[in-house]
Amino acid sequence: MSTQHTASNELSAEAMNEYVSVRIGDQLFGAPVDQIREVFAPQSVTHVPRAPDEVAGLLNLRGRIVTAIDARRRMGLPPREKTETGMALGVERGNEIFGLIVDSVGEVLRRPRSELEPVPAHVDANWRSMVKGVHRLEKELLAVLDVSAVIGTVARKNEAA
Amino acid sequence: MDDLISEFLTETAESLDVIDAELVRFENNPEDRAILDNIFRLLHTVKGTCGFLGLPRLEAVAHAGETLLGKFRDGELKVSPPMVTLVLQAIDQIKELLESLEATGQEPEGEDSALIGRLEDASMGKLEGAEQAVPEKPENWDEDLGRELRPGEVSLADLEAAFNNAEVDPGMAPEPVAEEPAEVQHLGVGDFDPELGRELRPGEVSAAELEAAFMNAEADPAVAPAAPAAPKADFITADMSQEEALQSAMAELKGGADANHGEGGPRVQQTVRVGVDVLESLMTTVSELVLTRNQLMQTIRGLEDDELKGPLQRLSAVTGELQDGVMKTRMQPIGDAWRKLPRIIRDVSTDLGKKIELVMEGQDTELDRQVLELIKDPLTHMVRNSADHGLEMPADRAAAGKPEKGTIKLSAYHEGGHIIIAISDDGKGLDTQRIGEKALEKGLTTHDELERMTEAQIHRFIFAPGFSTAAKVTNLSGRGVGMDVVRTNIEQIGGVVDVSSTAGRGSHFSIKIPLTLAIVSALIVGCDEERFAIPQLSVRELVRVGAGSEHSVENLHGAQVMRLRDRLMPIIDLHNVLGVGEAKQTSDEQAAFVVVLDAGGRNVGLVVDNVLDTEEIVVKPLSESLRNVQAYSGATILGDGSVIMILDPNGLAGEIVSAMDEETAATSQSATVTELDQQTQRLLLVRAGGEEPKAVPLALVTRLEEFDLSALENTNGRRVVQYRGRLMPIVPLGAEVTEREGQRQPVLVFAENHTSIGLAVDEIVDVVEERVDLQMSSDRQGVIGSAIIKGKATDVVDIAWYLDQSRAGEIQRRSASRRRKVLLVDADAFARRMIAPLLAAAGYDVTPSGGMHEVKAIAEAGEHFDALVGDPGALDRIRKEGLWADLPALAVTDWPEDTQAEGLTMVLPRSDRGALIAALDEVSQEEKVA
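Protein chains in written order, with our numbering: chain A, 1 to 161; chain B, 162 to 1091.
Only chain B is shown next, with the shape it has when bound in the complex:
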């Protein structure tokens, strides 16, 4: 393609983007002359350039648009949304024409008379004299400046004329442009001037050059602070050559782009336009240089040569600087990716009849252009989503007591080596129930799981593949490409996306992405004979285990865990994941390292043999043939020239995280919110199969007994014992519990409503009082999860499951009557999971919830209950909110005597399960009668 045309395309595309954004601004501030002047000038330049390049269609459309804008500028027409829409349509048409110009190098066939007609009609308006396309100009109007002259100013044309007539003395030449003498030094002398029709005399300056100098002077803020937008319109005159005209136009465009930034004062920067490919290849070269430097450093490390060390240090520093410098050239303000958004929001609000305000903060935050390109689309999609699904119609908003105009706020800032982008709206928030239903429908979860999930966990389903909540597909979104694509795109560049939402208050999406993709610092680890790189960004810490270290990897039912600062962390062994070498035995003889990785916000430990080095690496994409191996995110060449694989923490964690219940996150979350509410539990530690202790909440155990093995009998395939005149089933706590001949069998007796069951264990170890913090939940039956108790990883037994087991086949209590519904509120996840099954076993429908936001959501969903059960604090808050004010509220606590009973129907000790159920039976019965 013609160089001129391609440069024109680049420049014009930028101008049009600016016009788009400026028009939307202008619509909101119709009084702001500066904006309008800027738009007008940009469009005018586009028109002018089109004319010279011989693009009549483009010129005609631009002209019609400009004419309409001119009417605004001269105050002949009032600015109204339909008018602005019309101008935007003209801009769109120009963009379309440009696209096909770019594709074919030709202006496409056809004509735009319909659009032009409408634009002309609009310009004519109702005002008389509007037929005249060009508005009448004041007496001291200056064609060149496109504005009236200020007092004391002289028009360029006059200046030129004076200049030409004056036959200037050679020594006096710089005078007319004395403001900027340096510029004149560069001006050509002795050239042919097409405008004058003769060669320039010595000391004369061509009009075009003069203009250039003049323009520069204008652009200098010190000289012309009053004219940031420096509109300089018709300086392209017919007798200039096309080339010249175009160059002037380009200069004008560039000036315009600069002026555009200058809302708070003109910001003139010396810039050079460089092709992206030049930067890319520079980047590659620098990357190679960095690698070579690394290689050299590695070689020299073993040598005792001081002569080399000095120069090498300098080389290293200079390379680092060069790397930083080149990185900087790749940095672009994120505002570039946002530029199209005001227009999109305007279109959405017009199409859907919503009122939307887009607030943008931190546009100047810079990030690598490669990253910028990759997040552009996801961002646009998310903003569209917020506008389309997040914000309500004005009437609904007013009804909800919110301002009619919804706000979408975009913000960006740096944090560490990352950039954080947040998109929040003050709309209706995510529809938790709908998302839950959809997740069930798509088979992403089960009812049971869903019930146990927090709101935040349910919200995260929107990122699951193939998930789209839009009840109805609109023009804007919901075309099958949903948030899962957004997530995939963001994760591809090593980013993370999360959402938080409050019903009725809006949603907040946050994206965390690395600043650059090209060079990352990495930890080099050894596993068996091989080496792997782990990006430093995902490494939280390194822990030495085995041989003399205080840390060790423990086994929990075949899964590996490690204690790290009183929390259990799942461990994966790189040997196992990759199938290389022998997996480390957890023996104490051999030392190994655990790399604590941040995998999607949670800690996962990775066992490696060795930590070798840290190195700056250049990430190279994975080969097509390896893309399906989840464990890797790329490959790189190390300083010594060898190729190694880069491990992908998320991929590795994928091996286990999916198996890990999200509950971990929930537990830690509620734990931070309600740390003060954390209470200690009395726990019975027993051994039942295997060496690891198991824990049973003592409050649930009625009695401890020991039976002679001979007392145990078999009936109907079950072990039973005669106990207090009744038969009591004996169930082993875990399959490995063995009955040993000649010894007495320890049994935990649980009694409930005249029936009791016994759980057989190997040994009763201890009774402890500990704060129970469930670290990992389990999908094994009969186990609630694992916790650290007395410094050891311990399974917590799910008694309710055993009770249900022993009762299997018995007649359900209250099967005839309506199952009554109970809302269980307890910030303590452990308590929730303890009480909920017990109530369920007693015939209640239990809705567990962890915090007020969940409770509110349940209230908003219009759920009805027969009674509230929970910790006193939570019940008190519900009362204060005025939710379910007429329902009985039963508080369960370990310190009933210390609890204020105000507003509560009854306060019960947590240990007395029977009392709770009896009280519940009573109050819900009363309720029924009343």
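Pulled out of the complex, with its shape left as it was, chain A reads as follows:
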């Protein structure tokens, strides 16, 4: 997959975007590498009763408490099978670490910045608010996640409540 970018040799490194490719449902997403602190397998997530829907729970990441946000629920997708734990992207926001739980994590992709296209207007608005744009890969589309929007909305919605 990493050899897919062909005609971009003349572009300098600064013009390239690097993404951690993740899958949420059937869709391939890219999370900008510079926003991801680490990737980890979420273990023993503590369910928090009465928490907002998107909050999957809290977990212990080397002595720090991480708030796990379920990307599927944010995207309005049906929950994963119980047997699948998924993977988590660690994101730091302020003093907190959030873990964005996705189905699976793939390799790191580099795409020229210039190839990022806006999300078509007829796509669901909620979904669109969490996606910065789309890259056309050979076989499928890579939607670029707006990580802070995915996490931030939870916090903001909560404030408004």
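Quick caveat, the hints were computed from the structure, so don't treat them as lab data. Remember, predicted model here, so these are calculated numbers, not experimental data. Treat the hints with caution; some may be incorrect.
[As the list claims (entries may be wrong)] Derived CB-CB ranges, DEER-like:
#1 L703(B) to E84(A): 39 to 47 Å
#2 R705(B) to D124(A): 47 to 55 Å
#3 P120(A) to Q531(B): 46 to 54 Å
#4 E140(A) to V437(B): 51 to 59 Å
#5 E92(A) to L450(B): 49 to 57 Å
#6 L469(B) to S129(A): 53 to 61 Å
[Stated by the list, open to error] Coverage of chain B stretches by chain A, computed from C-beta distances (three or more under 8 Å per stretch; other residues unrestricted):
#7 784 to 795
#8 798 to 811
In this text, a Cβ means the ideal position worked out from N, Cα and C, and glycines have one as well.
Dock chain B against the given chain A, drawing on the hints supplied.
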């Protein structure tokens, strides 16, 4: 920023705070040389250091201030408030300059000639020769010490000179500082001495080092007890390097800070200055260590390995000690948070023209610095409030027969794992009426509720969000940030704040806060599949319910309650609150635990499945995304590495407490005050819909009757029965009362003024004589509240409500004439709530009150009444106070024959309601004629 500058900033900020407080002290004790010397020395050091760091603006201001102080010290000028204000202004200016120095690393542009001019003018005063900035010094004045030499003392300069000239024999070197030989061991040898302009010879000591040694010797109380403040002024000389000079200055500052404590004898402590962040990270590390220890203990608990147990026990003990030790490093005396207060009070008194004395007790009480930081602002706000709103103007105070000078007293002490801080003033107290009006205006309560509230309950409105009583916004407070913010801040750190106030006598605020926030011990409980932590501090006790336990959870109209030592306690089920698993049925088969929580001073029971463990936990703040879930106060990581939520008792109780009338608190309060006045009531127990019994005070029931169902007729949509030649309406006592075909319907008949009504019930159960202690009041119509009667939770029926119901549509009695006003005084809340509606129904305006303090407040508000009704004791006290002496006083009691009628217009049996109303009609009528 330059390290030197940042250290200078820290030191100087502390010195300035000390100067602030000392100046205020000095103003009150202008004769106290020790204070003035201390101030002078501190300011002088600030000036000196500024000079060396190349901060001309700061230096100039400090110099001008110092000059003025010098005049005080030399007795050339008298100390007066304007003078002190001027010096304080100079201090403020220095603080401002320092702030911008801190922000930018640069001294700000501009100049302070106006302020300096005023300071200089003040220094010149009227005295001749005052032009000279530096006062003339006595012959044996010592520049280094900043004071005259005492007999037998030698000036440092002389000593140095002698020392330098003497070409000391190497073996004799320690002699000049023989008092402190150990110090000399550390002194460098063979260094270049800038002052001498050459390298030191073996055995020689540089002047700077000598000074350091000298200073240490001075600071030693055993050596120089006479010089606690050890003023050592101009030892910084021009030919020292900046670095050296600064270090000396720092040492001086530190010495000064120590000396400052030494009012009752110098207290020299060996201290090391450590950055807060170092302590914080140490704390975090220790917290992790504690957790790991816990984890290890948990693992080992299941094992039978004696070899591990010994070492582990030691590890545990050492960890505990380490934890205590680290905690101690975080402890600071609360006086640190109070340091700014004398200055604030001074400013308030100057601005408002009030005379205020600030008394502080228990400054040494220590608490965690994190807590200290968090309460600093609320405390300042409250003290300001007391000064601004609490205390009256001197003239008003004199008129009220109080000393002109008002007192604000701050005190702090330890109690259990808490620290209690009290702020009290002897001002006018809270304005109950005004607070009540404001609460109504803000929609925080209703007229009805307000009427039933005690004074204390009304006072608590000041903590309600958006509540500010200041009639006029002053410079000091009332800027929209009120006591609600104070409360929020205090509650955030797990504290509680309360107020009590007596009109004309002052208010008393008390704050109870935990000593530390970092590590708390917690109870781990299980609910369904999940675990939660409850801070031990809020757990009062644990009760097992169900399966073979004597306790059980009962249902009261859908709400859960439990009997605990003859009181009813509201119960919440954690399953319901959190929406997890199946709520426990109150069946006896399944055992469960009730955790009795202290939620804002009242008991609330929390049903959980299991109590698992107690553990020390490190509280971690809640994630941003969970902050709105009221049930939690934080999260923590347990010994086994799992994350669990920490329950917030106040948040949980919030689910039900708001629904619970504050009356509970009021009842218990008046019950403790007047325990002896508690009387038994004869009660009729009936069943009317449902299994739970209901109680009706027998005194109110005229007759018990049974009617054939066939006798009941319908007219105009109401059930009526022909009774003694009249139609009597029949009202079911509760909606679920059923009429059963072929059976006779039991009815309670209430007669009043030729009209009677009947209340239909299912069954008349019993008549009991019990002390009625209303445990929970109710907002359900027709029910006064619940009480334990014959060991069962029982609703007490509000007969007055039913009487009103049946009379709806009838012509109001006395609607034409003026409604007469009655003051009802009865310490017994039950009696009050029984009598008040009856009098109201008879056409009186009733003001109920529970105790003398309320009565006094009503009297002070200038309320007028036509008659007093109440228990004999209360009426007697009112008579003794000389309040409403000309009014008829009707005593109502269960034992009229045992009651002294002296001073009372009439003594009536409580059971005879008709007689009371008749008597009241009579006396208030007489009153009108007279």
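Results for each hint:
no., hint, result
1, L703(B) to E84(A): 39 to 47 Å, "holds (40 Å)"
2, R705(B) to D124(A): 47 to 55 Å, "holds (53 Å)"
3, P120(A) to Q531(B): 46 to 54 Å, "holds (51 Å)"
4, E140(A) to V437(B): 51 to 59 Å, "holds (53 Å)"
5, E92(A) to L450(B): 49 to 57 Å, "violated (25 Å)"
6, L469(B) to S129(A): 53 to 61 Å, "holds (56 Å)"
7, 784 to 795, "holds (count 9)"
8, 798 to 811, "holds (count 6)"
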